[in-house]
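Engineer: Chain residues, written in single-letter form:
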Amino acid sequence: MSAIPAAPAPVMEPAETLEQRFQRLAGHWLQETAYVSSSSDLTNHPAFREIVEMGPAVIPLLLRGLEKRTGHWHRALRRITGVDPVPPQDRGDIAKAAEAWLRWGKEQGYEW
Amino acid sequence: MVEPSLEEVFPALRGQTHAITSPRDDRYNCIAWAAGDDRNWWWPDPDQEDAWPAGVAREETVAAFRDAFATLGYQVCDDERLEEGCEKIALFALADVPKHASRQLPNGRWTSKLGPREDIEHSLHDLTGIVYGSVVLVMRRPRKVGHLTG
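So the sequences go chain by chain: A and B.
In terms of our numbering, the first sequence opens at residue 1452 and continues consecutively.
In terms of our numbering, the second sequence opens at residue 30 and continues consecutively.
Note that these hints are calculated values from the structure, not bench results.
Be aware that one or more of the hints could be misleading.
To be verified - In silico EDC-like cross-links for lysine to aspartate or glutamate, where the CA-CA straight-line distance does not exceed 20 Å:
#1 A/Lys1519 to B/Glu32
#2 A/Lys1547 to A/Glu1504
#3 A/Lys1547 to A/Glu1558
#4 A/Lys1519 to A/Glu1558
#5 A/Lys1547 to B/Glu109
#6 A/Lys1519 to B/Glu112
#7 A/Lys1547 to A/Glu1501
#8 A/Lys1547 to B/Asp55
#9 A/Lys1519 to A/Glu1464
#10 B/Lys173 to B/Glu113
#11 B/Lys173 to B/Glu88
#12 A/Lys1547 to B/Asp67
#13 A/Lys1519 to A/Glu1470
#14 A/Lys1519 to B/Asp54
#15 A/Lys1547 to B/Glu112
#16 A/Lys1519 to B/Glu147
#17 A/Lys1557 to A/Asp1535
#18 A/Lys1547 to A/Asp1535
#19 A/Lys1557 to A/Glu1518
#20 B/Lys173 to B/Asp67
#21 A/Lys1547 to B/Asp54
#22 B/Lys173 to B/Glu109
#23 B/Lys173 to B/Asp55
To be verified - Chain A residues, not near chain B, derived (Cβ > 12 Å throughout):
#24 Ala1460
#25 Val1462
#26 Glu1464
#27 Pro1465
#28 Glu1467
#29 Arg1472
#30 Leu1493
#31 Thr1494
#32 Leu1512
#33 Asp1535
#34 Gly1543
#35 Ala1549
#36 Arg1554
#37 Trp1555
#38 Lys1557
Note that beta-carbon positions come from the ideal geometry of N, C-alpha and C, so glycine has one too.
Make the full structure from the sequences, and use the hints.
Structural biologist: Structure, rendered in structure tokens:
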């Protein structure tokens, strides 16, 4: 009886963690919008939308990004949470928006 | 992740004189910089996340941007030539959708904030291309002493 050659075992790619997926998408977004001033172009970018679709699980990563000033993550936080802790008089002030969201994160008990 | 160079993004800058004139700063964008504001991000987003002059339509149209600069004393003019005593801004649009604004310097060259990146000094049309489109509107006002010159 001839032996049937065994098929090679499929190589399983390790699953991407939530943080790895976020970092990959964040990298794409920041690179491809590096010269963009249009807020709608920023928030309509597919990578940004995918980050928003990841939902509340990425809130700590967004807060960390805000603290490190890596991007306009307040835009994603607003879309995920449906709240906006930035006072109307501070709209457009990116530094104050970040401060308001970091305060909100602490009040909500998030750790990042 | 490797970031594209300025010349890769704006091919018209290749071989042309331009200079980076500020560090990166994501607190303000080109519209703010053209308006003389280096502390806020200006855009007529309907969600009102960004700064925009009160009473001006929050829509991405050339008319809305014209009206926004009009609140600062700018009026539509014919061209981008340097005029003594005048300060000019130029609006870029792609398929009639505003994407960028530049401000003329007293030496006749132009200053632009590139999204969240640096300010550069350049010739006006060297930013023309698939990212910002082309100049669709030029406005002027009397140059104010003490206004941002960078």
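Engineer: Once the closest CB in chain B is found, is it more than 12 Å from A/Lys1557?
Structural biologist: holds (21 Å)
Engineer: Given the hinted pair A/Lys1519 and A/Glu1470, is their Cα-Cα distance within 20 Å?
Structural biologist: Judged against 20 Å, a Cα distance of about 16 Å means the pair holds.
Engineer: Does the no-contact call for A/Arg1472 survive, Cβ to all of chain B over 12 Å?
Structural biologist: holds (15 Å)
Engineer: In terms of Cβ atoms, is chain B entirely out of 12 Å range of A/Trp1555?
Structural biologist: holds (15 Å)
Engineer: Holds or violated: A/Lys1547 with A/Asp1535, Cα cutoff 20 Å?
Structural biologist: Holds, at about 12 Å.
Engineer: Need the status of pair A/Lys1557, A/Asp1535: alpha-carbon distance at most 20 Å?
Structural biologist: Given that 20 Å is the threshold and the Cα spacing comes to 15 Å, the pair holds.
Engineer: Would you mind confirming whether the straight-line C-alpha gap from A/Lys1547 to B/Asp67 stays at or under 20 Å?
Structural biologist: Judged against 20 Å, a Cα distance of about 14 Å means the pair holds.
Engineer: Hey, is A/Glu1464 genuinely clear of chain B, shortest beta carbon separation above 12 Å?
Structural biologist: holds (20 Å)
Engineer: Taken at face value, is the distance from the CA of B/Glu113 to the CA of B/Lys173 at most 20 Å?
Structural biologist: holds (12 Å)
Engineer: Would A/Glu1467 pass as off the interface with chain B, using Cβ distances and a cut of 12 Å?
Structural biologist: Non-interface label stands for A/Glu1467: nearest chain B Cβ at 16 Å, farther than 12 Å.
Engineer: So if I understand the rule, the pair passes when the alpha-carbon distance is 20 Å or less; does A/Lys1547 with A/Glu1558 pass?
Structural biologist: Distance ~16 Å between A/Lys1547 and A/Glu1558 Cα, so the pair holds.
Engineer: Do the alpha carbons of A/Lys1519 and A/Glu1558 lie within 20 Å of each other, as the hint requires?
Structural biologist: Given pair A/Lys1519, A/Glu1558 holds - Cα atoms ~19 Å apart, limit 20 Å.
This entry does not satisfy hints 2, 5, 6, 7, 9, 11, 15, 23, 30, 31, 33, 34 and 35, going by the numbered hints stated previously.
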